[in-house]
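K.L.:
Using the sequences provided together with the hints, build the complete structure.
Each chain is listed here by its residues.
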Amino acid sequence: EPEVTQTPSHQVTQMGQEVILRCVPISNHLYFYWYRQILGQKVEFLVSFYNNEISEKSEIFDDQFSVERPDGSNFTLKIRSTKLEDSAMYFCASSEVRGPGTVEQFFGPGTRLTVL
Amino acid sequence: AQSVTQLDSHVSVSEGALVLLRCNYSSSVPPYLFWYVQYPNQGLQLLLKYTSAATLVKGINGFEAEFKKSETSFHLTKPSAHMSDAAEYFCVVSHEAAGNKLTFGGGTRVLVKP
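These protein sequence lines map, in sequence, to chains A and B.
Our numbering runs 1 ahead of the 1-based position in the first sequence.
Our numbering runs 9 ahead of the 1-based position in the second sequence.
Hints are computed from structural coordinates only; laboratory data are not their basis.
Any given hint could turn out to be false.
[Said to hold, decoys possible] Partner residues aside, some chain B positions facing chain A, computed with beta carbon under 10 Å:
| id | residue |
| --- | --- |
| 1 | 20 |
| 2 | 43 |
| 3 | 72 |
| 4 | 111 |
Ideal placement from N, C-alpha and C gives every residue a C-beta, glycine not left out.
P.N.:
Now the structure itself:
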């Protein structure tokens with residue numbers, strides 16, 4: 002069964018460093034997403050991406066964040082200069098088509114980012 | 010704006026007992042509602058979804074949920090818990106204008122005792 006994969010599973014970095022979290026969505030999916038979950042808090046939407054551009058982003062997704070689909074298979078989230086509060090589990094997801102709200106999003110297992 | 014409240018952060022049930030996970034939502038427009046499950050070291054997996062058709066929705070692994078508009082609830086149940094049901098469960102809301110943005114509840118961690 003096709004699945005979304007994410008690498009690495011754990012990432013430890015120093016504050017101020019750049020990190021890139023990688024995701025391989027399901028191959029025939031067209032919409033891609035990043036969510037995050039800070040320890041003890043809810044899963045939060047960060048950004049959605051379609052046709053090589055951001056279709057929606059939350060207020061969390063500021064200029065420190067960027068997303069890219071560098072080739073036909075990968076989808077990346079870059080954090081330019083990490084802060085302590087960026088420590089979280091980051092989930093990638095993909096879906097075949099856009100909403101309206103009823104289409105299943107398939108999630109990866111997550112990357113746990115720890116900023117020291 | 011939309012929001013979701015899962016009333017229990019942890020639920021402990023005995024194997025074979027009823028599983029009840031409570032979820033209340035807030036949405037100014039007709040919602041789409043989902044339950045996702047996360048097993049240890051795995052991604053979030055869709056259990057079931059409500060899309061304004063039948064109010065009683067059946068999902069995978071014997072789970073079902075009932076949409077009650079008057080109570081703004083979407084509680085998840087399973088008649089008989091199995092050890093493999095131990096996981097974290099998320100109630101999620103979206104709506105037409107939200108596009109693909111999902112809003113998550115805080116999650117309920119289920120422990121199944123033998």
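K.L.:
For a quick check of understanding: which of the numbered hints are violated here, in increasing order?
P.N.:
1, 3
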